[in-house]
Structure formats: structure tokens, C-alpha cells
Amino acid sequence: MFKKFARIENRTERLEIFSLLRFNLLVCLRLAELLALALLIAGLGWFIGEPLTARGGRPGGILAIILMLGLVELARLPFLAALSALAADFGLDPRPFRLRLAQAAGPELRRLLAVGAVSALLYWGLTALNLWLWTLAAFLLGAGLVLLNAFHPRLLRPETRRGPRDGELPPTLAIRLDHWAAKTGLSARRLLIATDFSPELKAPALSGFGPTQRLIIPERALAAFTPREMSLLVVMAAVGALVKVSVKMLLLRFCALAVAVPLAAILISTVGTGWWGYPLATPPTLVVLVWLAVWLGLGVAEFTIRLTRRILEPQLAAAATTILKDDEALVSALTTMAEKNLEEENPPAWRECLRSRPSLAVFLKRARYHQHLAKFNG
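Numbered per my numbering, the sequence shown spans residues 825 to 1202.
Read the hints as simulated data drawn from the structure, not as lab findings.
Source: prediction; values computed, not measured.
A few of these clues could be false.
Simulated crosslink set (DSS-like; lysine-lysine; CA at most 30 Å straight-line) [as the list claims (entries may be wrong)]:
hint	residue 1	residue 2
1	Lys828	Lys1164
2	Lys1007	Lys1164
3	Lys1068	Lys1189
4	Lys1026	Lys1072
5	Lys1072	Lys1007
6	Lys1026	Lys828
7	Lys827	Lys1007
8	Lys1026	Lys1164
9	Lys1007	Lys1068
10	Lys1072	Lys828
11	Lys1072	Lys1189
12	Lys1199	Lys1072
13	Lys1007	Lys1149
14	Lys1026	Lys1068
15	Lys1007	Lys1026
16	Lys1149	Lys1072
17	Lys1072	Lys827
18	Lys1199	Lys1189
Working from the sequences, and respecting the hints, build out all of it.
Pasting the structure below:
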């Protein structure tokens, strides 16, 4: 599908086209989700909705919710398939189509089942509880999922992990982790290797919260980074544990939840039950209103977490380079990630603001600014 773009000889132009295609597909994926929710809210209430009279709901409402979920998932699939084809055509994913499809289908199926179960609970709550009690119950349910994601993330996002093999890690890593263990709780015993394949090269990162916190190193990163680069990235993760980055992310998710749940209640009490919006006053369609509010809340959470990471990561990188006294390792590690992920060297400013992480030049500029600031304050 995208092979003709992958064969462009000019490297700068090829990277620009790849970044633009991926950005457009991600935007279209979000717009497809929003459009699917809007169409369900506007139209399906006429055909498969049922009056909000029965206490506790009816089986027909659950079937309607399942049908709605299937339609939203169908709207997502073409763009997910296009993103997978884009990664394959540009050489980021060498696996055959069958394996790529199998890996993509598993998380989507788990997502469908999880959202279906939560939606069934919300549907029951809408027909059995007062709106204020429903709002409280929805907030508690969301808080439980946030805490579950923090303390046991593998229950929501299953991953294949293993312990490091003998001689697989540079000897200095275990020494550095043991040095940081007293301050951060991390140690060589809390280091795991993630064996799930990802087209994107990722750096070591923290997973879990509190006693379940682990340092996860992607298996692909072991071969991609040199020992110097890996040492720097591991120290960055250790500094993140020291400044409680996971706590900051947890608080941001709670803030997003505090926005999403009241927004859902407002949509239900105004748009959903207004006399002029009679087709919306049916339990299945009200659940779709809840989805819309949660979609907006998750969008706020993703955006705020992304901004926070963009601010924190250069500071962590500056701290790691100060500790190791090795600026070259930072430049080398970031360059490796940029080359492996086919990132643009100088993306436009408008796209730079919307990227998940800043480009190499911007990242280094911010990291050196924080280094200078630390020396000035010190």
C-alpha cells in the first residue's frame, strides 16, 4: 500500500512522508472513533433503543450495547490495518501479515471485552440508580481501574516478560541498579525483559507502582543500544523512579477521571433526557453518551500525560548525563532511537507540538538547558 513511498531515494523526503502518513492515520483513527460515537448517538436510538422505564435494564439493551461496540470497533480496524501496513512497508515490521494481524487482534479483542463489561455495568447503573449515585459509582469504578492499571498493569495489558539471561546485560547495569536500590526500590532483581515485538524501538521504562514496580527493558533494545547508551537510559529510568514519575502519572489519570465522570453526568442530564432529544433518552444510547464523555476524558488524560512526559524526560536526561558525566551517550542513544523509528530530523513546528516525544534537536536543546540550569542553581 505504501511501498512506493518507501522507495523514495531522498532520505529526508522519505522520513517526512512517513511521519506525515503516520500522523494523518492516527488523526483519522481518532476522528473515526468520534464519528462512530456521534452516529450511534444520533441514529441508533431510533431503531434499537428502549424506553427508560424498566428498573435494572433489559436484555435487549445489553445486545444493543454489544452491537454498538462492534460498530465502533469496525470503524477502527481499517486505520489500525493501515498503520500496520505502513510500518511493514517502511521496514519497521518484517513479520508476515498473518503474525501482524494476530498480534493486533489480541489486544483489540481484550479491549472489546473489557469495554463491554464496563458498559454493561454502566447500563445497569443508569436504569437502577439515581444519577448522583450513578456518578459516584462510575467514579469509583474508574478509580478502581486506574489503581489496577497502576499496581497490576499486566492484568489490563498482558505482556510477555522474562528474567535476564546470564551475560545478556552489561555488568555495569546490575552495579548501577544495586547502587540506586536503596533510594528507588529498583534492583537487578526487579529488572525484566519484554519479549513482545514492537515496530517502534523503545527505551527502558518503569512499569507498575509501589511494590509491583519493575524496570522493563525491551528485548529489541538490548541489540540496538550499546552498553554506554543502555547505561544512560537505565539511569534515566532510575532517576524517574527517584522523583516519583509514576505517582505524577497516577495523579494525572485521576484528574482526567474527575473530568470524564462529571462530564458524562452532565451529558446524560441535559442532552440525553431533554424533550427535544427524545431518541437519546434510551439506556443504550445514554451509554454511548458515557463513552463519548470517557473518550473526551481519556483524550485529556493522554494530552496532559504527553505534555508532562515532554517536560520531564529532558530533565531526567540532563540528570543522567550529569551523574554519568557522559553527554555523548545521550546524543548517541537518542540518535539511535531516531534512526530506528524513522523520525524526521526537523519536523514542522505544528507537528512537533503534537508528537508523542520531541525531535532529537529539540530534546537535546531542552536537556542541555536543564543541565545549564542545574549548574547555575548549584
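TODO: Please name the hints from earlier in the document that this structure breaks, with their numbers sorted from lowest to highest.
DONE: 2, 7, 10 and 17
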